[in-house]
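Q: Got chain A; can you put chain B on it based on the hints?
There are 2 protein chains.
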Amino acid sequence: MASVEIVTVGTEILLGHLVDTNSVHIAKQLADHGVDVFAKHSVGDNADRLFAMLEGVLERADGAICTGGLGSTVDDLTKDAVGRAVGRPLVLHEPSLRAMEERFRQFGRVMAENNKRQAYLPEGCVVLPNPHGTAPGFVALRDDGKFVACMPGVPREMKPMLAERLIPWLEQRFALRSAIYTKTLHTVGIGESDLDRRVEDLFRSLENPKIAMLAHGFRVDVKIMAKAQSRVEADAMIAPVAEELRRRIGTHYFGDDETTLAGAIVAQVIARGWTFGTAESCTGGAIADKIVAVPGASAAFRGSIVAYANDVKTSLLDVSETTLETVGAVSEETAIAMARGARSRLGVDLAIATTGIAGPEGGTAEKPVGLVWFAIASPDGEVETRRMTFPGDRADVRDRASIAALSLLWHRLQAADAIPAR
Amino acid sequence: MASVEIVTVGTEILLGHLVDTNSVHIAKQLADHGVDVFAKHSVGDNADRLFAMLEGVLERADGAICTGGLGSTVDDLTKDAVGRAVGRPLVLHEPSLRAMEERFRQFGRVMAENNKRQAYLPEGCVVLPNPHGTAPGFVALRDDGKFVACMPGVPREMKPMLAERLIPWLEQRFALRSAIYTKTLHTVGIGESDLDRRVEDLFRSLENPKIAMLAHGFRVDVKIMAKAQSRVEADAMIAPVAEELRRRIGTHYFGDDETTLAGAIVAQVIARGWTFGTAESCTGGAIADKIVAVPGASAAFRGSIVAYANDVKTSLLDVSETTLETVGAVSEETAIAMARGARSRLGVDLAIATTGIAGPEGGTAEKPVGLVWFAIASPDGEVETRRMTFPGDRADVRDRASIAALSLLWHRLQAADAIPAR
Chain A
1 MASVEIVTVG TEILLGHLVD TNSVHIAKQL ADHGVDVFAK HSVGDNADRL FAMLEGVLER
61 ADGAICTGGL GSTVDDLTKD AVGRAVGRPL VLHEPSLRAM EERFRQFGRV MAENNKRQAY
121 LPEGCVVLPN PHGTAPGFVA LRDDGKFVAC MPGVPREMKP MLAERLIPWL EQRFALRSAI
181 YTKTLHTVGI GESDLDRRVE DLFRSLENPK IAMLAHGFRV DVKIMAKAQS RVEADAMIAP
241 VAEELRRRIG THYFGDDETT LAGAIVAQVI ARGWTFGTAE SCTGGAIADK IVAVPGASAA
301 FRGSIVAYAN DVKTSLLDVS ETTLETVGAV SEETAIAMAR GARSRLGVDL AIATTGIAGP
361 EGGTAEKPVG LVWFAIASPD GEVETRRMTF PGDRADVRDR ASIAALSLLW HRLQAADAIP
421 AR
Chain B
1 MASVEIVTVG TEILLGHLVD TNSVHIAKQL ADHGVDVFAK HSVGDNADRL FAMLEGVLER
61 ADGAICTGGL GSTVDDLTKD AVGRAVGRPL VLHEPSLRAM EERFRQFGRV MAENNKRQAY
121 LPEGCVVLPN PHGTAPGFVA LRDDGKFVAC MPGVPREMKP MLAERLIPWL EQRFALRSAI
181 YTKTLHTVGI GESDLDRRVE DLFRSLENPK IAMLAHGFRV DVKIMAKAQS RVEADAMIAP
241 VAEELRRRIG THYFGDDETT LAGAIVAQVI ARGWTFGTAE SCTGGAIADK IVAVPGASAA
301 FRGSIVAYAN DVKTSLLDVS ETTLETVGAV SEETAIAMAR GARSRLGVDL AIATTGIAGP
361 EGGTAEKPVG LVWFAIASPD GEVETRRMTF PGDRADVRDR ASIAALSLLW HRLQAADAIP
421 AR
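Top to bottom, those sequences are chains A and B. Residue numbering for the first sequence follows UniProt numbering, starting at 1 and increasing by one per position. Residue numbering for the second sequence follows UniProt numbering, starting at 1 and increasing by one per position.
Any given hint could turn out to be false.
You can't tell identical chains apart in this list, so a pair holds if it fits in one copy or across any two.
Claimed, not checked - Subject to a maximum C-alpha distance of 16 angstroms in a straight line, what follows is the list of computed EDC-like cross-link-like pairs (lysine to aspartate or glutamate):
no., residue 1, residue 2
1, K183, D221
2, K146, D380
3, K223, E382
4, K183, E244
5, K223, D235
6, K116, E192
7, K223, E12
8, K28, E333
9, K146, E200
10, K159, D396
No wet-lab data here; the hints were simulated from the structure.
So that you can see chain A by itself, here it is in the shape it has in the complex:
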């Protein structure tokens, strides 16, 4: 069993100008792979303080895992401190320099002289290549076998480096065996306490695997955690629990692990041989954006008409001027007309429309900030509507409205088996 402490480097994180999400991700991943995380630390861009911190960590634990401070600017001092902590000078790592030069060439940019500093690494270290950025990571070893691993602070560079390079290195070095394996079941349209009532007895009785609930704002996940010697063994322990949970959650369950709600919707629309699209006012393209984020969405998603101005609702979605004048843009009638208009103008089987008041201005007593009308036009020509009012500021209202729209689409698809496509 290996023990480590996590060190986040950077004044911005230390002083709270940036929220540290890296150490949360790293701690979770390490715990899942059987590494004991004893402590987490955050220091500013100060080589002496980082050096003192690393010395302390290497007294208590097998190693330190650092993120941040590998960039090309003069305030990136991590490597100097690490070199001192493990007693190794920084030397030029030619393959990393060449990889960086190649990367710059590929994107048609000239590499600045100060980028070269990123290719200097502690002598004898294990290099962790960075296919998603310029600065390589590394694991530097002290003579006594204690280690300091360094990864970039940019999450999209750090995460794959951790999963594909550092964790395999840790597994090999510490012969990690029993680890925690997880499966996450995603739900939508059911609250935390409702869900709790459905699974409470399992929550109390199960030991290994055990289950936990995790609320993400307006969606709840159920996580199944098994301590096992291998993924295969864990999967066998997890499978019957997952099946029982899916049965209890019913149509609110939409997928496992990496599956997104939009991804589950795209898969269902494809499975039915349908196409779909959106007509958005207050959500302003956010629903379309979530759908297009799904690889392969083009097999079912045809497009969206973001009709933010009223006369665009008329010219591109055929909402009548009379409707807009008599009941207003934020109304059931307008939502229905938008959904129908999207279905015909985009040439899709299924269309969802949103129109609402995101704020901060524009609310009235009858139509307060947070009010959103939804309409779903189905392949059989029928239109369902829903009125919801969301709390929070403009960003909250728009975010909740776009997730609610996906939730409505999901539940429409669950009920759609009997309806033929046009």
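A: Okay, now just chain B, sitting in the frame of chain A:
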């Protein structure tokens, strides 16, 4: 000047099941009040490790500021460790016990025996009353004058205790006067190393105010930090530095502090009396979404046509079938036609179009994954185009493409003073 380190106690935060927002808040508040924060740490519910950590902190700094672990459950061991670190036994604090009993009475609940433990505090400490919860906070002093302050982990209890009790105590004890005030200048379309070259001499020479660079993926901020006795004094120190920086950054500078790139664009479009819209393929509504996120965007933004399917590009944006057949959807010609189509169909002065290959499928040797064509149609009918290739996965490409689109719009607006609106 006082120096402290922040210690967050609790296994949930250490292992990443809860995101630590407390230490971010505390670090900001302390910095604003002139307290130097040297480091932040997170430990689990383990009294020995917390004790060892506090010993280290009190060697390096004037004091430790802890949150969490003051509850009534058996894993709340903070006070034992603190008592040992400062060399004081825990003794019953009668006024706190009476306040707790009163609080329970008030809410009509019976106080459990284990709640009483919350009223045991290190001998001789300064008590920080907790009007928002049961557990009081405290500042325990060691014989040499070093201190350990403890507050609850629940943010709505911790925040007022920090503001109303702990910070006043620190101000008095350390006769704090000066504090750190900041201003952030946002840039777009310029890389970290380019920017570094333009401001490196200031970075090296300035002491107070000093400057720092902060990269957010594809955008870089320059932060100016002034240590001063008041906001007014700080503003006077910051103003000339900000002016010099803006001059050097030129048109890549788009705003200060809370200003977003989309917000700066909306303001510029409104200032010119124009309207604008987008035609999106690979970005799939992400550009529109960022613009609609700006409060008051409706004064200039009319909408977007997300034409993900090819024939929607034809039916709603008037891209000719011949163009799509001969040069394909991802081409300069298609981007131009989309931008012109958006300008006429949405009835806007200015329109930007995107068409590209987000991946993971669909790339070829000539049109690799990451290739995106942009076109901007201007009020005078002219269309500019740009071809870019972005690294990374589907999410990276789409994210970078939508920021690049805003960057192009921004630079187009900067050059637009002489062009009349239609």
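Q: For each hint, tell me whether it holds in the structure or not.
A: Here is what the structure says about each hint:
Only within a single protomer do K183 and D221 lie at most 16 angstroms apart by alpha-carbon distance; the minimum there is 10 angstroms, versus 39 angstroms between protomers. For a Cα distance limit of 16 angstroms, the shortest separation of K146 from D380 qualifies neither inside one copy, at 67 angstroms, nor across copies, at 66 angstroms. Taking the shortest alpha-carbon separations for K223 and E382, neither the intra-copy value of 37 angstroms nor the inter-copy value of 55 angstroms comes in at or below 16 angstroms. Taking identical chains as interchangeable, the C-alpha atoms of K183 and E244 lie at most 16 angstroms apart only when both belong to the same chain, with a minimum of 14 angstroms there against 53 angstroms between chains.
Taking the shortest alpha-carbon separations for K223 and D235, only the intra-copy value of 13 angstroms comes in at or below 16 angstroms, while the best inter-copy value is 49 angstroms. In this assembly of identical chains, the alpha carbons of K116 and E192 lie at most 16 angstroms apart only when taken from different copies (14 angstroms versus 51 angstroms within one copy). Taking the closest pair of Cα atoms, K223 and E12 come within 16 angstroms of each other only across two copies (10 angstroms); inside a single copy the shortest separation is 32 angstroms, beyond that limit. Proximity of K28 to E333 under the C-alpha cut-off of 16 angstroms is found in neither arrangement, the shortest distances being 48 angstroms within a copy and 48 angstroms between copies.
When the C-alpha separation of K146 and E200 is checked against a cutoff of 16 angstroms, the pair qualifies neither within a copy, at 39 angstroms, nor between copies, at 36 angstroms. Taking the closest pair of Cα atoms, K159 and D396 come within 16 angstroms of each other only across two copies (13 angstroms); inside a single copy the shortest separation is 27 angstroms, beyond that limit.
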